[in-house]
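As a plain string of letters, each chain reads:
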Amino acid sequence: MSDTHAQFAFVRSKMLPEAPPPASERGAAKWVRQNFFSSTINTVMTIFVFVVVIQIALTVVPWLANGVWSGSSLSDCREALAGETGACFAVLSERWNQLLFGFQYPSELYWRPLAAFLLLFVAIAPVLFQKYVPSKMLIFTALYPFIAFFLIWGGSLLTPVLALAGFVVGYFVYTKLVAQSFALGFFGGLFAALAFWILSGYLPVEGILAIEPVESREIGGFMLNLILGTVCVSLSIPFGIALALGRQSSMPIIKWICVVFIEFIRGVPLITLLFVANVVLAYFLPPGTNFDLILRVIIMITMFASAYIAEVIRGGLAALPRGQYEAANSLGLDYAQSMRLIILPQALKISIPGIVNVAVGLFKDTTLVSVISMFDLVGMIRGPISSSQEWNGVYWELFLAAGLLFFVTCYGISQYSQWLERELRTDHR
Amino acid sequence: MRKTVFLGTVAVAGMAAGMAAATTLEDVKARGSLNCGVNTGLVGFASPNANGEWEGFDVGVCRAVAAAVLGDPTAIQFVPTTGKTRFTALASGEIDVLARNTTWTFSRDTDLKFEFVGINYYDGQGFMVPKELGVTSAKELGGATICIQTGTTTELNLADYFRKNNMDYEPVPIETDNEAQQQYLAGACDAYTTDASGLAAVRATFENPSDHVILPEIVSKEPLGPLVRHGDSEWGDIVRWTLNALVAAEELNISSANVKELAEAGTDNPEMNRLLGTEGNLGEMIGLESDWAVNAIAAAGNYGELFEKNIGENTPIGLARGLNAQWTEGGLIYSPPFR
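As given, the protein sequences belong to chains A and B, one line each in that order.
In terms of full-length UniProt numbering, the first sequence opens at residue 1 and continues consecutively.
In terms of full-length UniProt numbering, the second sequence opens at residue 1 and continues consecutively.
Since the hints were derived computationally from the structure, they do not count as laboratory data.
Hints are not guaranteed to be accurate.
Said to hold, decoys possible - Some chain A residues close to chain B (C-beta under 7 Å, calculated; not the full set):
1) 103
2) 393
3) 395
4) 399
5) 402
6) 403
Stated by the list, open to error - Computed footprint of chain B on chain A, listed as stretches where at least three residues anywhere in the stretch have a Cβ under 8 Å from a Cβ of chain B:
7) 371 to 379
8) 382 to 390
Stated by the list, open to error - Calculated Cβ distances over 12 Å to all of chain A for the following chain B residues:
9) 39
10) 54
11) 91
12) 146
13) 176
14) 177
15) 202
16) 207
17) 216
18) 223
19) 244
20) 258
21) 281
22) 298
C-beta: ideal position from N, C-alpha, C; glycine also.
Modelling step: build the complete structure from the supplied sequences, incorporating the hints.
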């Protein structure tokens with residue numbers, strides 16, 4: 001051993017203490033170099049993008065920061081700013097209620113749609129979070145449409161009660177007849193419910209147990225978008241499932257009705273359907289009849305959305321291996337049971353991203369009703385607010401607010417769907 | 001959306017027979033309110049204020065008609081219409097009268113089967129350019145990019161004008177006035193063209209209105225007026241003479257302030273008395289009360305008052321009377337005699 005020492009002037013006999021990597025190879029410096037300046041091209045790109053971002057920030061930040069929040073007209077804003085750049089958010093403070101509720105909804109009744117909105121969360125909780133909310137709550141969910149209708153439209157309490165009673169009558173008849181055959185039960189129930197509604201239409205309910213009524217045309221703003229979005233999405237899912245199953249049916253008439261419906265609706269732009277709802281129907285209905293415009297629009301958007309959802313669900317059904325259908329049959333389950341217990345739970349799970357995609361798209365499409373002169377959020381901005389003498393010329397502030405409202409809602413829906421996918425994942429990843 | 005919602009489709013068939021036969025006047029009286037088609041929003045002409053009440057020059061015509069027919073200027077159901085839905089709304093009977101800055105043209109009057117009952121605003125298409133462009137006449141606009149609203153008569157007029165003067169242009173199509181403002185201010189187009197009243201309204205909202213000039217050329221005639229459906233001339237007469245009453249009232253110096261007084265006290269002027277219903281039976285002839293014109297004038301004021309309040313020189317829009325002055329003052333506003 002000793003000759004090692006003799007041969008070399010210095011030999012390290014014990015390990016050096018661990019030293020941190022050089023400054024350029026660690027922490028922020030390394031990250032910046034690797035991500036921003038790793039090659040000539042990347043360096044050039046980084047500097048270019050940095051300049052652009054700074055430029056944008058230099059315009060946007062003072063515009064936002066200098067924003068004027070009080071004032072009663074655009075000229076007030078300009079006076080307050082005294083020549084500096086700045087947003088005129090005063091329009092939002094003054095017209096905020098109009099943006100949310102439209103310009104005709106009586107302002108002393110704003111609490112009613114607000115209550116309906118809050119109750120909406122209670123009502124959808126048992127549907128969205130099945131595991132965490134007691135299923136008894138579903139009773140409230142079933143009642144919610146009638147409560148919300150009563151709160152938003154007002155009028156006699158008997159109207160929604162009778163509408164609900166129609167469903168009860170229909171269901172009662174269905175249970176009586178379904179033992180003989182499903183079709184008899186279904187159509188019997190349908191006719192019983194219709195007959196009940198028509199007969200109850202003659203009852204003089206006007207003014208009994210009534211709260212102040214609000215006409216459909218007085219409803220507007222973001223509230224209208226929310227009503228259309230919620231109603232149409234929740235109606236179009238059952239219709240979409242029925243259409244998707246119908247399209248796979250072995251009965252030719254049902255199959256072809258579904259195929260023609262889906263292909264026709266998907267081949268037509270939504271805006272065309274809305275024009276039909278608004279304009280063309282008015283020619284077919286006799287003059288003086290007032291077939292509620294919101295109802296017409298709901299029917300059209302629901303038809304549109306169900307066709308899309310049907311195709312999404314058909315994709316889910318097609319993705320299931322043939323063995324699942326055969327396994328269900330070999331267990332001796334009939335069609336309804338096999339669908340309900342075996343096929344649909346799996347198919348719907350696969351379809352969740354697609355359904356949410358359609359729902360988010362549909363919710364944003366509800367702004368199209370501004371074209372048929374309904375005053376939804378965008379309609380309010382494009383029509384009454386920007387044409388008022390005080391606020392004519394305000395543009396970015398309003399659309400920024402509209403964008404924010406929609407973003408919050410749509411981002412919420414999308415986050416929920418991601419959570420749901422994780423929740424329903426049964427494979428072992 | 002009450003119970004009728006559920007019955008709507010079923011019930012409509014039965015109601016068809018009864019409703020179709022009645023005249024528009026009877027319908028309006030039975031309903032107790034006038035269905036008036038207005039713009040979804042045009043500064044000065046029709047727009048809801050912060051309290052949700054409709055205001056504007058065209059809205060004033062609606063109020064006058066409602067006051068004349070029903071005696072109540074608030075008995076109106078305003079039906080907002082877009083450029084695309086206005087004609088179908090009128091043709092289908094959804095509205096009784098359309099007062100929505102609509103240009104009176106041959107084909108709209110005949111082919112679309114409407115009856116224009118008069119002209120409440122003489123407009124014309126003009127151009128606005130930034131001052132720094134140094135353009136002083138529309139003839140110098142050769143090769144310019146021009147912002148223009150689609151689906152209007154202005155689009156066709158522009159093509160006609162440039163073809164006639166043998167110039168090229170590049171159109172930048174836009175949907176609403178508001179978008180046009182943004183495009184124009186952002187420099188997406190050299191010039192903006194629409195009705196001169198619209199240009200004035202848009203210019204008034206700019207931060208520095210004096211940086212922009214409205215060129216002197218008016219390249220088209222845009223007579224705007226209220227219209228009704230073909231086939232019910234009695235109703236057309238009512239709307240026409242209500243508008244004429246507002247015009248005549250200005251000529252005769254009857255205003256919303258003094259109309260009640262004059263009607264009660266009577267005057268020495270026989271035409272005034274006939275208009276105010278204290279003499280003769282003009283109201284009866286068109287199926288209205290004798291004080292129909294008094295109500296119409298009291299509702300929104302005479303023509304001049306309407307103009308001053310909504311679009312006149314003291315408003316942000318600041319339009320001069322110009323062609324829309326009374327004929328006695330060199331304008332075109334002229335009412336046939338009340339006799």
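Cross-check of the supplied hints:
1. Evaluation of the residue 103 of chain A hint against chain B yields a held restraint, the C-beta minimum of about 4 Å falling below 7 Å.
2. Annotation: residue 393 of chain A was flagged as interfacial toward chain B, and the flag holds, the nearest CB pair being 3 Å apart, inside 7 Å.
3. Nearest Cβ of chain B to the Cβ of residue 395 of chain A: about 5 Å, under the 7 Å cut. The hint holds.
4. Here the hint on residue 399 of chain A is broken, as its CB sits about 10 Å from the closest CB of chain B, past 7 Å.
5. Look at residue 402 of chain A: its Cβ only gets to about 13 Å from chain B, farther than 7 Å, so that hint breaks.
6. About 15 Å separates the beta-carbon of residue 403 of chain A from the nearest beta-carbon of chain B, more than 7 Å, and the hint is not met.
7. Three residues within the 8 Å Cβ limit are the bar, and the segment 371 to 379 of chain A against chain B gives 5, so the coverage statement holds.
8. Only when three residues or more bring their CB closer than 8 Å to a CB of chain B does the claim for the segment 382 to 390 of chain A stand; here the count is 9, and the claim holds.
9. Once the 12 Å rule is applied to beta carbons, residue 39 of chain B is inconsistent with being away from chain A; the minimum gap is 8 Å.
10. Annotated as non-interface, residue 54 of chain B brings its C-beta within 12 Å of a C-beta of chain A; the closest such distance is 9 Å.
11. With 12 Å as the threshold on Cβ separation, the claim that residue 91 of chain B sits away from chain A is violated: the shortest Cβ distance comes to roughly 8 Å.
12. Listed as outside the interface, residue 146 of chain B is consistent with that label: its C-beta sits roughly 20 Å from the nearest C-beta of chain A, beyond the 12 Å cut-off.
13. Non-interface status of residue 176 of chain B relative to chain A is broken: a Cβ of that chain comes within 12 Å, the nearest being about 6 Å off.
14. Remark: the non-interface label on residue 177 of chain B conflicts with the geometry, its nearest Cβ contact in chain A lying 8 Å away (cut-off 12 Å).
15. At the 12 Å boundary, the C-beta of residue 202 of chain B falls inside the reach of chain A, the nearest C-beta of that chain being 8 Å off.
16. With 12 Å as the threshold on Cβ separation, the claim that residue 207 of chain B sits away from chain A is violated: the shortest Cβ distance comes to roughly 6 Å.
17. Even its closest Cβ contact with chain A, about 24 Å, leaves residue 216 of chain B beyond 12 Å, as expected for a residue assigned away from the interface.
18. Against the 12 Å criterion, residue 223 of chain B stays outside the reach of chain A, whose nearest CB is about 22 Å from its own CB.
19. Remark: the non-interface label on residue 244 of chain B is consistent with the geometry, its nearest Cβ contact in chain A lying 27 Å away (cut-off 12 Å).
20. Listed as a non-interface residue, residue 258 of chain B keeps its Cβ farther than 12 Å from every Cβ of chain A; the least gap is roughly 27 Å.
21. Distance check for residue 281 of chain B against chain A: the nearest CB is about 31 Å away, which clears 12 Å, and the non-interface claim stands.
22. Residue placement check: residue 298 of chain B keeps its beta carbon more than 12 Å from all beta carbons of chain A (closest about 24 Å).
Hint check: violations occur at hints 4, 5, 6, 9, 10, 11, 13, 14, 15 and 16; the rest are consistent with the structure.
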